[in-house]
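Can you make the complete structure from the sequences, with help from the hints?
Those protein sequences? They're chains A and B, same order as listed.
In terms of numbering that gives the first Met the number 0, the first sequence opens at residue 0 and continues consecutively.
In terms of numbering that gives the first Met the number 0, the second sequence opens at residue 0 and continues consecutively.
Not the full set, but computed from the structure, chain A residues with beta-carbon under 7 Å of chain B:
{"hint": "1", "residue": "95"}
{"hint": "2", "residue": "100"}
{"hint": "3", "residue": "184"}
{"hint": "4", "residue": "323"}
What the hints contain is simulated information worked out from the structure, not anything from laboratory work.
In this text, a Cβ means the ideal position worked out from N, Cα and C, and glycines have one as well.
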Amino acid sequence: MANEVWHHATRALQLLGLDPALGGICIRARSGPVRARLTAMITSDARRLHPTVSDEALFGGLDLSATLASGHMIREKGLLETTGTLVLAMAERATTGLAARLAVALDRNADHTLIALDEGAEPDECLNPKLAERLAFRVDLSDCSLQDITETRPTTAIDLNHVIVPADLIEQLTRIAHDLGIDSMRAPLFALRAARANAALMGRTTITAEDVEIACTLIFAHRATRVPEPEMQDEEPPAPPPDQSDDSNGPEDSLDLPDELLLEAVRAMLPDNLLEQLAAQKARAGRGNGTGAARKGNRRGRPLPSRAGRISDGARIDIIGTLRAAAPWQTIRRNATGREGLHIRPDDIRIKRFEEKSDRLLIFTVDASGSSALTRLAEAKGAVEILLAQAYARRDHVALVAFRGTEAELLLPPTRSLVQTKRRLAALPGGGGTPLAAGMVTAFEQAIQATRRGMTPTIAILTDGRANIALDGSADRKQAALDAQQIARVLRAHGTDAIVIDTGNRPEPALRNLAQTLDAAYLPLPRADAERLSKSVATALGD
Amino acid sequence: MMQPFPFSAIVGQEEMKLAMILTAIDASIGGVLVFGDRGTGKSTAVRALAALLPPITAIKGCPINSASAKNVPAWANLKTKRTHETPTPVVDLPLGATEDRVTGALDIEKALTKGEKAFQPGLLARANRGYLYIDEVNLLEDHIVDLLLDVAQSGENVVEREGLSIRHPARFVLVGSGNPEEGELRPQLLDRFGLSVEVASPKDVATRVDVIKRRDAFENDYAAFMLRWQAEDAAIRDRILTARAALTKLKTSDKTLTDVAELCLALGSDGLRGELTLLKAARAYAAWRDDTALTRAHVKAVAPMALRHRLRRDPLDEAGSGTRVARTVEEVLG
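Next up, the structure:
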């Protein structure tokens, strides 16, 4: 299997070399010998990008040192202005902005191919989906070892334009993409191109079944969102596979390859944990990208106009701003001093400033247990939805954790998308025990991750308070309460803000204790309507 | 540069195409917002629009595409008064564009080399009299959004920086596209868009095959494909020009005005902008259809795209706002 992955990876690179309109490839692997062997296949004149590449490097700009040295304007060519292969290292850290710019560049012309080196470790830490969508291929070399590597023979390909596309190929590819639940129209187009390129690579003028199979495998497998039902295998003996060897004798414009067989080829490539990966993908979509600490430290953030100042500890000079300040005076200063060259005075110096506003993340931790479901789950849902609308107006992020039965579940990772949140919330069922501690643990995990991303998390716990499931899943009321208290102490030590909203019919003393341990606001809301609940929360949050 | 994919060759997506045509007929409708999943042809459609639009007459070399010499700003230092026909500008506003690039700033090149304090116009200047296209508009940074809101409101770009004090007209039609799963758009900006449409991938295989076939032909048989669709694009362009002329002669009865007002009241859309846009869109639609009088049918046809993004968000409503508009249209106008 790993050997097959390697084979696919090298093939993808070869096809990409033949047809740059395939966009590119996302290579998911940590840095290492296997990846090095693969990237060695990339042309040596490939330009390298890094995730924090500036607009000037991309689109070209002033070459400051050359300009200052020569005394006349020298422009630096941007990476996107020269054609060729671009290699994006640490692609999982590419910001949405960079992804969008590269996406536009890839859309505009076929002069660029992008090799994205995705080094993500966590499932949700990966190449921005916006960009991944525009790259035809994706290979995961994580399980590949050096033993799996086989050398690829150099091939002499024929001209792509000589390849004849069978009339029904487009239909077949479109149908398969549809069966695999691939919505994007780019996928079948890529598959068509890949099939054509593969035929050319093999020196054929006609697309054969083999080309189609490879194209489907390389393009569709990682895009599939559902596994088509293998009806044939389950209910009746498999149909005899059509003879593939005589495709050279077959009719020119038709392929004797049933969809099922191609689907089978794709299915063989589908990872076992497709559904898990799908969940992770959905989660990612909400967050936009997997860049780590987007707003950490006081030297990043939204740039503010630079300000006149002195170079002191850690201050960064805004070179352009400084030059701008100095520029209008150059003639006067030159005349006054008689010295050629650039005249910069200390009071021209401009210091870069950044404004950093940490985004707030509201982690709703909703009790969906049986006792809650009977009484107030609907109300809690309503309250969360109203809060969501407010969070949306304030540009807060929200996350949704629900706990019921024996465990807690992260229904929605941090997102700003109201659409998704509403959908997940509506689907939240009720019933079972109250594993309050488990819910708090899940919320806490989210809070830690959020802090790492530079957000300020607040946990809002909505429960009626009768915790009866301990952390280990056992129905032990006493242990459950102890566990909850324990987690609360950890949360407090971590300095995470929290609010406890008692949705019970009568205020629950245990919850008040918990809130005290958490150092959190406690809102007992007997018979509260959703509207009032949201107002109280807003007050507690200090808006 | 290669011509983009022809507008007329876009398969399906009728609502999106119509919305774009309507803003081309009457620019004061105020732009289109296209929301949808990846790979549904949002960007393709917007770029196709650029090639479809009728050219404008502007002073040669004018940074803000002035129609006549007296409108050319003094800072442009233009000598010529000659005009030329130029394609309607469609300017891309890339995500992460700096304020300098958007509004314009001190021309560092002139300042360094000649010691001149000159103004280097930004994207807003270039977009004057044309379109400003923002891909992934919902990911635009807040401070750029604020800036856009201000300019879109006043139609004028004011630059006060680095000792410069410059203002120039910046009237443009906003076209935005985005994927709602990646983040919401602030209501203030949402409201700036005249029309909004939602696009999705075609659901039936036959249509999807058509999409792929045309795209493939576009990419592999470019010359022939462009030739094939050139005439159809030209036909749409002519129809737009005819409709523009017809717009002034279009009769609007009080009854239709009442319809529009009742509809907006029933939906509780904020402010009067919804009503005005709905009316303008309906008139543009009637002109496009070559009808001489505005009727209830025209209003009904454009109501969803003019109103669906103006509704107060109701988080408890499961149905999308499009459905709500359709339902209310049915109730009010029958």
